[in-house]
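Asker: Next come the chains, spelled out residue by residue.
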Amino acid sequence: MSASSHRLFSRQDIIGFAILAAVIFIVLPLALDSFRLNLFGKYLTYAFVAVGLVLCWGAGGILSLGQGVFFGLGGYCMAMFLKLEASTPENTAIQSTPGIPDFMDWNQITALPWWWEPFNSLLFSLIAVVMVPVMFAFIIGVAMFRRRVGGVYFAIITQAFAAILTILIIGQQGYTGGVNGITDLRTLQGWDIRTDAAKETLYYVNGVLLFACLLIAQFVRKSKLGRLLIAMRDQEDRVRFSGYDVASFKIFIFCLGAGFAGIGGAMFTLQVGFMSPTLVGIVPSIEMVIFCAVGGRLSIIGAVYGALLVNWAKTSLSESFPELWLLGLGGLFIAVVMAFPNGLAGIYAEHIAPRLAALFAKRQTPAAVPKPKPAE
Amino acid sequence: MLDNNPNFLLMVEGLTVSFDGFKAVDDLSFYVEPNECRVIIGPNGAGKTTVLDLICGRTKATSGSVNFKGQELLNKREDQIVLAGVGRKFQTPSVYEDLTVFENLELSYPRGHSVFGALAFRRDAIVKARIAEIAATIFLEALLDEKAAFLSHGQKQWLEIGMLLIQDPELLMLDEPVAGMSVAERKKTAELLNKIIKDRSVIVIEHDMGFVEDIATRVTVLHQGKTLSEGSMERVQNDPKVIEVYLGH
Chain H
1 MSASSHRLFS
11 RQDIIGFAIL
21 AAVIFIVLPL
31 ALDSFRLNLF
41 GKYLTYAFVA
51 VGLVLCWGAG
61 GILSLGQGVF
71 FGLGGYCMAM
81 FLKLEASTPE
91 NTAIQSTPGI
101 PDFMDWNQIT
111 ALPWWWEPFN
121 SLLFSLIAVV
131 MVPVMFAFII
141 GVAMFRRRVG
151 GVYFAIITQA
161 FAAILTILII
171 GQQGYTGGVN
181 GITDLRTLQG
191 WDIRTDAAKE
201 TLYYVNGVLL
211 FACLLIAQFV
221 RKSKLGRLLI
231 AMRDQEDRVR
241 FSGYDVASFK
251 IFIFCLGAGF
261 AGIGGAMFTL
271 QVGFMSPTLV
281 GIVPSIEMVI
291 FCAVGGRLSI
301 IGAVYGALLV
311 NWAKTSLSES
321 FPELWLLGLG
331 GLFIAVVMAF
341 PNGLAGIYAE
351 HIAPRLAALF
361 AKRQTPAAVP
371 KPKPAE
Chain L
1 MLDNNPNFLL
11 MVEGLTVSFD
21 GFKAVDDLSF
31 YVEPNECRVI
41 IGPNGAGKTT
51 VLDLICGRTK
61 ATSGSVNFKG
71 QELLNKREDQ
81 IVLAGVGRKF
91 QTPSVYEDLT
101 VFENLELSYP
111 RGHSVFGALA
121 FRRDAIVKAR
131 IAEIAATIFL
141 EALLDEKAAF
151 LSHGQKQWLE
161 IGMLLIQDPE
171 LLMLDEPVAG
181 MSVAERKKTA
191 ELLNKIIKDR
201 SVIVIEHDMG
211 FVEDIATRVT
221 VLHQGKTLSE
231 GSMERVQNDP
241 KVIEVYLGH
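For the protein sequence lines, the chains are H and L, in the order given. Just so you know, my numbering puts the end of the first sequence at 376, numbered straight through with nothing missing. Just so you know, my numbering puts the end of the second sequence at 249, numbered straight through with nothing missing.
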């Protein structure tokens with residue numbers, strides 16, 4: 001058992017990945033029209049964040065309430081590239097300074113700021129989508145984890161970062177688009193991202209990238225580093241006295257989660273067509289933690305379902321009862337924490353998987369009687 | 001005196017730690033030779049556990065020096081001290097309850113301590129053989145796949161000793177290794193400790209005098225953060241200062 005449970009994929013994992021792949025690549029595209037499919041594509045961009053949170057929070061015990069920061073940084077890096085491409089001198093001929101993004105012109109800025117220049121390059125922008133969040137996470141990580149800030153204190157500080165970044169973006173309207181964000185994005189290297197066909201393609205690109213992140217997450221969890229994270233969560237001191245530099249492991253996993261979130265943010269920008277500070281702040285950051293909690297903070301697959309389900313509920317409910325949604329979300333979070341601390345994945349593992357196993361066992365050996373579960 | 005011996009493994013000199021003015025350890029000096037088993041005894045609050053905390057970096061010293069194989073330990077992080085060859089067992093068993101016995105031992109195996117080392121770590125035949133060997137030593141070979149949370153108190157203590165053993169430290173520090181054990185477990189543990197202290201230096205904090213007499217090369221009696229007496233068990237037991245501290249309170 002000890003040997004088989006550390007193969008990269010157990011049988012359970014293969015089934016889980018296969019079902020998820022079928023849902024994302026077959027069921028959803030067949031079942032939904034292109035408007036709804038695009039919506040689900042948007043939900044799946046949050047799954048990147050939720051998967052990162054499973055690693056940081058579920059496995060490593062590092063609760064970050066500021067993942068929106070990394071999602072936003074990734075999204076803004078993508079949006080800056082798309083905005084520059086949309087702001088050709090021809091498209092912006094009516095501005096007093098043609099060739100710069102429209103919001104800069106509205107704010108009496110007459111030249112492109114130097115730090116916008118590199119975002120003319122697609123390659124630079126794609127690297128920045130991952131590296132800007134990772135570097136920011138690295139700085140926060142070094143500052144916090146080396147000083148052994150953890151637990152609630154860390155959560156509060158990350159939340160403060162989410163608030164700071166939102167305020168900064170809104171305040172620097174001329175450079176960031178302010179509260180409206182960066183809007184009116186049109187093409188990617190000449191390819192119009194606003195058409196239904198493009199949105200469908202982007203949905204699949206998003207799905208493939210999500211699976212790439214899931215595979216990385218799976219690899220990390222099944223490596224010794226994954227077991228170390230669990231050990232750190234339970235007995236941080238003991239890990240130190242087994243000769244590990246606990247801070248460097250926390251920094252690594254926090255950066256990995258930030259990198260995932262950055263990719264999610266960039267895919268959000270591409271699929272939805274804008275990026276704004278409302279996706280960076282405290283509320284979206286906490287929502288992201290809820291996606292992870294609902295899906296099951298110990299399960300990377302569960303986190304994807306959590307992101308899909310909560311967002312789908314959000315869209316459906318906020319269409320009918322907009323003012324009740326936030327209360328409903330809070331209630332959902334409390335319910336999950338109180339009744340199902342391991343979320344959907346926990347419900348599956350405790351109630352559904354044993355029954356399935358019993359069912360299969362019954363078929364193979366008709367004499368076998370399913371064991372009654374005390375938990376039920 | 002002892003200071004002239006160049007072959008000490010550990011030299012603690014003038015070690016002092018003060019918590020808001022209270023000196024838990026006060027200008028303490030002692031020297032441990034290779035393969036020596038040093039037992040630290042003393043009344044409650046004498047600073048015994050604090051001394052171990054200072055050596056392994058868990059508590060930062062106010063002043064003094066801890067020299068291990070020619071390296072100063074006081075300015076090192078806990079994990080660097082461990083990698084230098086100092087192992088520490090805590091008073092309450094601290095094992096990873098969510099992991100199996102096998103995984104507990106595996107994490108303590110001295111390889112792959114960096115982030116990328118841990119990612120690249122593979123469970124090869126050498127690791128498996130070593131874990132099997134240690135598990136047999138600590139009487140847990142049948143429980144390798146059991147989660148540590150399901151072990152008895154005594155078995156957790158053994159597991160933690162095993163986790164130290166697999167690190168193969170040159171200096172092993174044990175804080176009350178037989179505390180809270182049943183008589184049968186205690187006997188087995190004494191047997192185990194006798195086996196593992198052979199090829200290394202050990203510092204043990206222990207109250208069980210029978211056990212101390214059995215294993216100690218030399219005994220240090222601490223009182224109010226200072227050395228009260230030091231020497232063989234016999235000498236210490238007959239020291240009038242020690243008798244006064246133990247009986248006068």
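The reader is advised that the hints may include incorrect statements.
To be verified - Computed Cβ-Cβ distance ranges for the label pairs, DEER-style:
1. L:Ala132 <-> H:Gln12: 51 to 57 Å
2. L:Ala149 <-> H:Ala361: 24 to 30 Å
3. L:Ser152 <-> H:Arg355: 47 to 53 Å
4. L:Ala132 <-> H:Phe124: 37 to 43 Å
To be verified - Think about it this way: if two alpha-carbon atoms lie no more than 20 Å apart in a straight line, the pair counts; the simulated PhoX-like pairs of lysine-lysine are:
5. L:Lys60 <-> L:Lys226
6. H:Lys314 <-> H:Lys42
7. H:Lys199 <-> H:Lys42
8. H:Lys222 <-> L:Lys147
9. L:Lys187 <-> H:Lys222
10. L:Lys198 <-> L:Lys187
Read the hints as simulated data drawn from the structure, not as lab findings. Ideal Cβ placement from N, Cα and C applies to all residues, glycine included.
Asker: Work down the list of hints and note, for each, if the structure agrees.
Answerer: Hints, one by one, checked against the model:
Between Ala132 (chain L) and Gln12 (chain H) the beta carbon distance is about 27 Å. The supplied range of 51 to 57 Å is therefore violated. The hint said 24 to 30 Å for the Cβ distance between Ala149 (chain L) and Ala361 (chain H), and at roughly 27 Å that hint holds. Taking the beta carbon of each, Ser152 (chain L) and Arg355 (chain H) are about 33 Å apart, not inside 47 to 53 Å as hinted. In this structure, Ala132 (chain L) and Phe124 (chain H) break the distance hint of 37 to 43 Å, their C-beta atoms being roughly 52 Å apart.
Among the hinted pairs, Lys60 (chain L) with Lys226 (chain L) is consistent with the structure: their alpha-carbon atoms are about 18 Å apart, no more than 20 Å. Between Lys314 (chain H) and Lys42 (chain H) the CA atoms are separated by roughly 13 Å; this keeps the pair inside 20 Å, and the hint holds. For the hint linking Lys199 (chain H) to Lys42 (chain H), the alpha-carbon distance of about 10 Å falls within 20 Å, and the restraint holds. The straight-line distance between the Cα atoms of Lys222 (chain H) and Lys147 (chain L) is roughly 17 Å, inside the 20 Å bound, and the hint therefore holds.
Between Lys187 (chain L) and Lys222 (chain H) the alpha-carbon distance is near 39 Å, which puts this suggested pair outside the 20 Å criterion. For a cut-off of 20 Å, the pair hint linking Lys198 (chain L) to Lys187 (chain L) stands: about 18 Å separates their Cα positions.
Hint compliance for this structure: hints 1, 3, 4 and 9 are not met, and every other hint is.
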